[in-house]
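Asks: Okay, here's what each chain looks like letter by letter:
There are 2 protein chains.
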Amino acid sequence: MPKRPLILISNDDGVQAQGIRELTAMMCRLGDVVVVAPDGPRSAASCCISPLTAITIKLLKEQEGLSVYQCSGTPTDCVKLALDGLLTRMPDLMVSGINHGDNTSVSIHYSGTVGAALEACMKSVPAIAYSLRTRKQECDFHPYEEVIMSTARYVLEHGLPQDVLLNVNFPLVEELKGTRVCRMGRGRWIKEMLEVTDGRYPEGERAFRLTGFFLDLEKNAEDTDNWALANGFAAITPIGLDMTAHGVINIIDNI
Amino acid sequence: MPKRPLILISNDDGVQAQGIRELTAMMCRLGDVVVVAPDGPRSAASCCISPLTAITIKLLKEQEGLSVYQCSGTPTDCVKLALDGLLTRMPDLMVSGINHGDNTSVSIHYSGTVGAALEACMKSVPAIAYSLRTRKQECDFHPYEEVIMSTARYVLEHGLPQDVLLNVNFPLVEELKGTRVCRMGRGRWIKEMLEVTDGRYPEGERAFRLTGFFLDLEKNAEDTDNWALANGFAAITPIGLDMTAHGVINIIDNI
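Line order of the protein sequences matches chains Y and R.
Sequential numbering from 1 applies to the first sequence in our numbering.
Sequential numbering from 1 applies to the second sequence in our numbering.
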């Protein structure tokens with residue numbers, strides 16, 4: 001009998017989040033699963049790592065085909081630790097999420113969910129990040145199960161091109177209209193800083209809180225991740241490790 | 001007389017680091033300067049932001065043509081705060097660094113120096129990240145002054161293509177051999193986790209520290225950032241906001 005695939009799972013909402021628990025239940029149907037996830041929320045952790053502090057891990061659960069660890073570090077720390085300290089062989093697949101909140105357009109840069117998948121991708125482990133456009137902590141993930149299972153099965157069977165991961169985003173719907181392979185849409189966050197004026201800060205200091213609105217700069221572009229979500233589709237966006245803006249190398253060559 | 005350009009500066013080594021002080025002195029020759037930088041080291045902060053805590057700022061210095069603020073947040077928080085809370089107009093240029101440590105290849109993803117420049121780029125502010133391959137806290141930055149001034153002048157005069165920033169890295173040399181416009185080389189960090197075995201951790205927990213070696217996967221590719229540094233050149237790499245792996249969209253379209 002062929003060996004069952006080994007699947008590594010992480011996220012940025014923390015090991016107790018509903019999204020990672022549901023994703024774990026799904027992945028257990030496809031292989032042996034190891035979860036290494038932060039001990040609490042690390043939203044917007046991007047690819048942040050912890051070079052200055054010790055990173056601790058603790059085994060929470062161990063049963064046939066499933067081990068669950070919580071980790072004091074960032075999502076990226078979790079993946080580094082799994083691949084370089086914990087696992088005895090490289091996983092066949094790494095999945096991240098399901099994030100409570102979508103990771104489309106420029107938000108991909110801030111995302112700890114995508115950050116964890118990028119880390120696996122850097123180590124040549126095929127990786128998928130899953131995110132749901134919602135602010136709720138408890139959601140019905142059933143409408144997304146079919147796409148999650150089929151994309152995970154696809155990647156287990158075919159792998160992914162070198163230095164590429166899949167970023168999968170879902171709209172909050174009762175039934176998906178289907179899936180779209182997308183590009184990252186152009187957009188930006190605006191009005192992001194709200195001054196805190198309750199006077200609890202020392203003289204000479206000002207304090208702000210992050211807030212803001214996302215401005216979609218190409219609302220009618222049907223090939224973007226945001227268009228897919230706004231129109232009821234799951235968005236599947238291939239993300240590359242290589243951030244070089246190859247198209248402009250010749251333009252700036254006279255610098 | 002034309003208005004002097006407005007230049008925003010940040011970094012991830014903190015407002016007191018030598019690199020940002022030297023960069024500030026250089027930029028003051030080109031325009032009015034506002035520094036908004038973290039109150040201490042935030043190495044490897046990537047594009048991490050602080051949605052869960054208040055972000056405080058404090059004016060450290062104000063003189064003709066120069067204001068310096070320290071901020072409790074990440075490099076990305078600093079840039080968001082500057083652009084959306086502090087500055088009365090958008091800057092003509094944003095520069096980040098000079099980082100003590102290079103940011104090439106996959107390390108670009110972890111870099112708070114590049115993260116700060118990415119944030120400016122997202123808001124259509126032309127941005128340049130400067131980093132020096134060194135582990136020293138005090139260095140001689142004179143060998144890099146000419147390239148820093150000429151790239152900053154170039155960007156002030158010509159701008160940059162939409163959604164592109166420049167990532168400039170220097171080798172530790174007495175004299176540069178010149179500059180190379182590069183792509184991000186392929187590589188990976190290995191042996192990154194060192195287990196801490198001094199026994200101060202609770203039963204059932206293990207602790208690790210980040211460490212590691214960088215493995216250059218294309219040592220002989222003369223168009224990469226790492227080749228440039230290894231051979232005495234400054235590496236100028238255009239980095240794009242768009243992380244879509246456009247080349248594989250058709251390949252995965254049957255998913």
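Since the hints were made in silico from the structure, they are not lab data.
One or more hints might be untrue.
Identical copies look the same in the list; a pair holds intra-copy or inter-copy alike.
Straight-line C-alpha distance at most 25 Å; calculated PhoX-like pairs for lysine-lysine [stated by the list, open to error]:
#1 Lys191 / Lys123
#2 Lys219 / Lys3
#3 Lys219 / Lys123
#4 Lys177 / Lys123
#5 Lys177 / Lys61
#6 Lys58 / Lys219
Asks: Give the relationship of Lys191 and Lys123 under a CA distance limit of 25 Å: within one copy only, between copies only, both, or neither.
Replies: between (37 Å within a copy, 12 Å between copies)
Asks: My question is about Lys58 and Lys219: at a cut-off of 25 Å on alpha-carbon distance, are they close within one copy, between copies, both, or neither?
Replies: Neither way: Lys58 and Lys219 sit 45 Å apart in one copy and 39 Å across, limit 25 Å.
Asks: For Lys219 and Lys123, with the copy left unspecified, which applies at a CA distance of at most 25 Å: within, between, both, or neither?
Replies: For Lys219 and Lys123, only the inter-copy Cα distance (18 Å) is at most 25 Å; the intra-copy one is 35 Å.
Asks: With identical chains treated as interchangeable, where does the CA-CA distance between Lys177 and Lys123 reach 25 Å or less: within a copy, between copies, both, or neither?
Replies: Neither, since 34 Å and 33 Å both go past 25 Å.
Asks: At 25 Å max between alpha carbons, let me know whether Lys177 reaches Lys61 within a copy, between copies, both or neither.
Replies: neither (37 Å within a copy, 56 Å between copies)
Asks: Checking an output row: Lys219 and Lys3, CA cutoff 25 Å. Within, between, both or neither?
Replies: neither (46 Å within a copy, 36 Å between copies)
The structure does not agree with the numbered hints 2, 4, 5, 6 stated previously, though it agrees with the rest.
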